[in-house]
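Each chain, letter by letter, is given below.
Protein chains: 2
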Amino acid sequence: MRPALTLLSCEIFSGEYKNAIPASIGIEVFHNFTLLHDDIMDNAPLRRAMPAVHKKWNADVAILAGDAMFVEACRLIISTDIESAASKKVTDLFLKTAMQVCEGQQWDMTYQSRDHVSIKEYLTMIELKTSALLACALKTGAIIAGASTENADLIYEFGKNIGLAFQLHDDILDVYGDKSKFGKEMGGDIVANKKTFLLLKAFELASDHARKELTLWLHKTSFNDSGKINAVKNIYDSFRVKEHAEEEISLYYKKAMQNLDDIEFPEAEKESLRVFAQKLMVREM
Amino acid sequence: MRPALTLLSCEIFSGEYKNAIPASIGIEVFHNFTLLHDDIMDNAPLRRAMPAVHKKWNADVAILAGDAMFVEACRLIISTDIESAASKKVTDLFLKTAMQVCEGQQWDMTYQSRDHVSIKEYLTMIELKTSALLACALKTGAIIAGASTENADLIYEFGKNIGLAFQLHDDILDVYGDKSKFGKEMGGDIVANKKTFLLLKAFELASDHARKELTLWLHKTSFNDSGKINAVKNIYDSFRVKEHAEEEISLYYKKAMQNLDDIEFPEAEKESLRVFAQKLMVREM
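Top line first, the protein sequences correspond to chains A and B.
Sequential numbering from 1 applies to the first sequence in the working numbering.
Sequential numbering from 1 applies to the second sequence in the working numbering.
So here's chain A without its partners, still in its complex pose (with noise of 0.2 Å):
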């Protein structure tokens, strides 16, 4: 997805796509690099459905791959051939994001070991984590073509608004998704005690007694899975959690589209952003 819009982002600003294939490939290879030591922290065990590469071979390795992946992502991005002050600005944002993502991993795992979290807090860290990498793709896209600051300031802030739609729509799928259309088991986020937006929203909402119930669940060392999943999603229904997340959604996806409306580009151009957005935000439920 990300090296799709990166292009897409080039091709729309008039640029020409095949400037943007090395940037490209570059942030995808940066994006697999965290992946790779995202998983040892996390201690997954699987990625798109195989062995993640700690399992298969060992941490070692999955630390070192991914270190030399890290370096050819650097390589990938300084490789654009284009007039240097871009370059410059194309490199700078890569190396900002960066650390963004490192930042928002961080965020991620301290908020897995601490009690209360605000969804403030929630909200930083997944712009950090996931909307910060999809914002840079498409601003990538757009300084290689030659766009003024303006539109590319426009398109990252599409970007980042999107992403968050995006990851707050898959918070909503993990509990409510249809599992034989979205391919993995549901209430996963739950088992886990992951701090998702409707986790955070239903501690902001439930009455004393619903919190005291969460809380229960959350240190439940012993539990069937399919019993702590239909206590805590009955929860969110009874405070509406749901609703609120969409709500949320929509307020960020309103707001893309305002992004989209003061790019100053031809109409049919954002089309192509406005399809992307739209099936972002259509997968099953």
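Each hint should be verified, as a subset may be incorrect.
Identical copies look the same in the list; a pair holds intra-copy or inter-copy alike.
Straight line, CA to CA, 25 Å or less: simulated SDA-like cross-link-like pairs of lysine to any residue [stated by the list, open to error]:
1) K96 x T130
2) K88 x E157
3) K228 x S14
4) K270 x N234
5) K18 x H31
6) K228 x M99
7) K212 x M281
8) K233 x L280
9) K89 x L251
10) K194 x M257
11) K194 x A65
12) K279 x R47
13) K88 x I25
Derived by calculation from the structure, the hints in this document are not laboratory data.
Could you slot chain B onto chain A? The hints should help.
Chain B in isolation, oriented as in the chain A frame:
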């Protein structure tokens, strides 16, 4: 040591050392990033006589802090404010070196679990893992100073050869150094079955009988440390392994001095690099 070499090299080639400060720090931050990740892989408890990051906090923190340091190292390297062709050379050299260091670390890990490693393989491994960054530090200063390609390549070769001599000297110090002066327990490489130049040379030169004895010690899972150290050291002594290592060091040292002779700059300027090389070689035995 590395940042000082970058600044020194820049000055020797009549550059303004201040221009080399960001890159010199970048190289040092990169080096420290590799230490964080290496210490996880080697399960090393200490670093500079303090708890290693993965021990003081945990492996996740060490992975992520290392990643962030790598991003910061890249940022420092590309922030070198010189004309764009030289700046590209500095970045290209840095990323090429970063990949070599990763490759060297992978070989180091691979060799640890492999029975037979040739001396040639060992030398290639330490060239990648240790010498390349030293050579890179020197060449970076030369490029920033605007040295000719020939001179920049010669100072790179000087760094590579001195780096190899340095690492082989380290192998000797571990076995034959003076504990009170060297500041750590002697024979650690022997206890840990580290495939040093001494061990590989011993396998090459030893009689069938001595080779069998060495192999026995390598596979023993329960032993008295000083017993193992003395037994292996006796085999080293019988086959004059230390002298062979010293000859190899002398060879690289002479090559390095030849590299200096070939560089076209005033004799007086070379003196500081000669002094540096000598200091590296006369660390306490």
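Hints, one by one, checked against the model:
1. Only within a single protomer do K96 and T130 lie at most 25 Å apart by alpha-carbon distance; the minimum there is 14 Å, versus 29 Å between protomers.
2. Within a single copy, K88 and E157 get their C-alpha atoms as close as 20 Å, which meets the 25 Å cut-off; across copies the closest is 30 Å, which misses it.
3. Taking the closest pair of Cα atoms, K228 and S14 never come within 25 Å of each other, the shortest separation being 52 Å inside a single copy and 71 Å across copies.
4. Proximity of K270 to N234 under the C-alpha cut-off of 25 Å is found in neither arrangement, the shortest distances being 41 Å within a copy and 77 Å between copies.
5. Taking CA atoms no more than 25 Å apart as the test, K18 paired with H31 passes inside one copy only; the shortest distance there is 21 Å, against 35 Å between copies.
6. Neither within a single protomer nor between protomers do K228 and M99 lie at most 25 Å apart by alpha-carbon distance, with minima of 36 Å and 47 Å respectively.
7. Within a single copy, K212 and M281 get their C-alpha atoms no closer than 33 Å, and across copies no closer than 68 Å, so neither meets the 25 Å cut-off.
8. In the homo-oligomer, the alpha carbons of K233 and L280 lie at most 25 Å apart inside one protomer (24 Å), although the nearest pairing across protomers, at 66 Å, exceeds that limit.
9. Proximity of K89 to L251 under the C-alpha cut-off of 25 Å is found in neither arrangement, the shortest distances being 30 Å within a copy and 46 Å between copies.
10. Taking the closest pair of Cα atoms, K194 and M257 never come within 25 Å of each other, the shortest separation being 30 Å inside a single copy and 60 Å across copies.
11. Taking the closest pair of Cα atoms, K194 and A65 come within 25 Å of each other only across two copies (23 Å); inside a single copy the shortest separation is 28 Å, beyond that limit.
12. Only within a single protomer do K279 and R47 lie at most 25 Å apart by alpha-carbon distance; the minimum there is 23 Å, versus 50 Å between protomers.
13. In this assembly of identical chains, the alpha carbons of K88 and I25 lie at most 25 Å apart whether taken from the same copy (17 Å) or from different copies (20 Å).
The structure fails to meet hints 3, 4, 6, 7, 9 and 10 from the earlier list, while all remaining hints are met.
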